[in-house]
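First to last, the sequence lines map onto chains Y and H. Mind the numbering: the first sequence is residues 1146 to 1424 in the numbering used here, read in order. Mind the numbering: the second sequence is residues 276 to 645 in the numbering used here, read in order.
Don't read these hints as lab results, they were simulated from the structure. Careful: at least some of the hints might be erroneous.
[Stated by the list, open to error] In silico BS3-like links for lysine-lysine, alpha-carbon gap of 25 Å or less:
id: 1; chain 1: Y; residue 1: Lys1331; chain 2: H; residue 2: Lys385
id: 2; chain 1: H; residue 1: Lys408; chain 2: Y; residue 2: Lys1411
id: 3; chain 1: H; residue 1: Lys408; chain 2: Y; residue 2: Lys1331
id: 4; chain 1: H; residue 1: Lys385; chain 2: H; residue 2: Lys408
None of the values given here were measured: they were computed from a predicted structure.
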Amino acid sequence: MKGLADRHRLSPLALAGLSVAALVMVAPLLWTVALSLKSNAELMRDSGTAFFAPYTLENYRAILQGSQVFGWLLNSLIVSLGTTLGVLALCSLAGYGFARLEFPGRRALFVFVLLGLAVPEQAVILPRHQLFADFGLHNSYPGLILPGLAAPFGVFFMAQYFRGIPRELDEAALLDGASRWTLFWKVLLPLTWPAQATLGVFTFLASWNDYWWPLISATRSDRFTLTVGLASSQMNYAQTSGLGYLMAQAVFAALPILIVYALFQKQIVGAMAGAAAAR
Amino acid sequence: MVTLASLELIEVRKAYGAATVLDGVSLSMQAGEFLAFLGPSGSGKSTLLRVIAGLETVDGGEVRLGGRRIDQLPPGDRGVAMVFQHYALYPHMSVRDNMAFGLRNAGVAKGEIGRRVLDAARVLEIEPELDRKPAQLSGGQRQRVAIGRAIVKQPQLFLLDEPLSNLDAALRMRTRVQLAELRNRVDAAFIMVTHDQAEAMTLADRVAVIHDRRIQQVGPPMEIYARPANVWVARFVGSPAMNVAPVELLDGESDSASVRLGDGSQVDTRVPRAGLAGAGPLQIGLRAESVRVTGAGAGTTDARVELVERLGDRTLVYARLSDGQALTGEDRGASRVQAGDIVGLRIEGAAAHLFAPDGSGRHPVESTTA
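Chain Y on its own, in the form it takes in the complex:
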């Protein structure tokens, strides 16, 4: 394990540099947490008191007593999980198709899908809004989930992963009498687990943090996702007076993400490293 040890040995200069960078990254987060634990009244007098006791959980209590917070949380969970599952299913099937099936126009279609990466959301949001309005999809879960299912990057990512699986496995399975579906479902798909995890985590995070589309599509407060809901409640307060409450909201909204990160840390780091290596 010499290589591993070597990789972890850093020069003092690099260590100092990285420490400073880490501190810069984490300071605002710690500050946020500290602010969220102070009473609003105290912070209004002097926000510098955030670094000193006494601390209180009253802001979190206020959030949890907000009648709609748990509804928004549930909405966010349903939308994020729905989007993630949908993206995984569609991208796996499409990726498998592009990687393994021969059909006329495959290459052109693949390029067409990838072109989707070049279209910014801003360019389509008005027609999309109109379309969803025409179909009566606003203020519904399908209305919040469907746009997220168009995932050209996911298709590309899964296609590349399927291409990396040796074709001998397909051939062995075909000789074992497997149907196309059995081959996909029982042999190839289980092997794409690392890619599924990576794509799933990224999709979940993106969906959880999405603000713009839910802001447009969900106009009824019982359909708000957490991001939109928390933002809407901020509008009701002068932000200077509700600083602690505001920060507690930020921490609260980030908690599920923290949990996802803790569970899938390996996949996320791996995906980042993979993305970096690919460049």
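With chain Y fixed as given, assemble chain H onto it according to the hints.
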């Protein structure tokens, strides 16, 4: 089941775009026979195996197995099982599931699957590994799982794609023996693709030498060695490659042909003279063991030694005749010959082959193998 034709290839053709890979290949195999496809890489031997397996479609001709036409059937319905060069085990399945997968797809009863898997695992000595994943096994064990996966299907025909090429030398020997044992135990035919002559010669009943999109010769290993159909087979089979040199046919009364090498020395062969005169330029084929190294002036001709390979039990001497023709000869193991020496070469004409202008081989009447 007496010598019922097992596998039959009739004028099989395969092309990738404009590139023809198989050009009218015909072949017939007996039930229970072990056949080796021997050829250099790119010869089409793997493609032929894949055509039989159903992993490649045919562009023309027929493939029949046990009398049934199979070239239009999906791979799983052909009654063949394949052992892949890189094993192609399913990495996420246990050894047991790897072996059972094909049977489950075929709808074999659960109890029967368990019994067959266990039987195969016992025979192949992988019973303790049944619940492990392929990644936890050694190369040799993976190889045996791959073989086991084929056995449990009880196919009419086993297809082995370079089955030993990924194993180290010691393991290759052992697996070779295991394959020979397996072959005796199961009632099926075998086709093995290999570029390794030793494998082909030791395992196979018959060898099909494939080159240039065609089968050049099919026959028992010793026949291929002793009576190569053409110059290409002669030079491909056997190590070192057979010496081939242009010769001139001498007039004579004898039934056997006498020829003269480029340096003027005469070789009296036992190849029938009939049909050779007037055919055009001939070539002689001499195995290294029929070119013995002796003292200068004591042999058929003299040559200058260029390279000496000491193999222990024998010594290979790469020499050049006065006209520049290269010839590989053999000396005893304790040879003292050095590069640069002038030595005599005693050519055993009785073992010499002649090749007609079209490359086809003519062999001594009594085939002698030194």
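Unsatisfied constraints (hint numbers, rising): Per hint list: zero violations.
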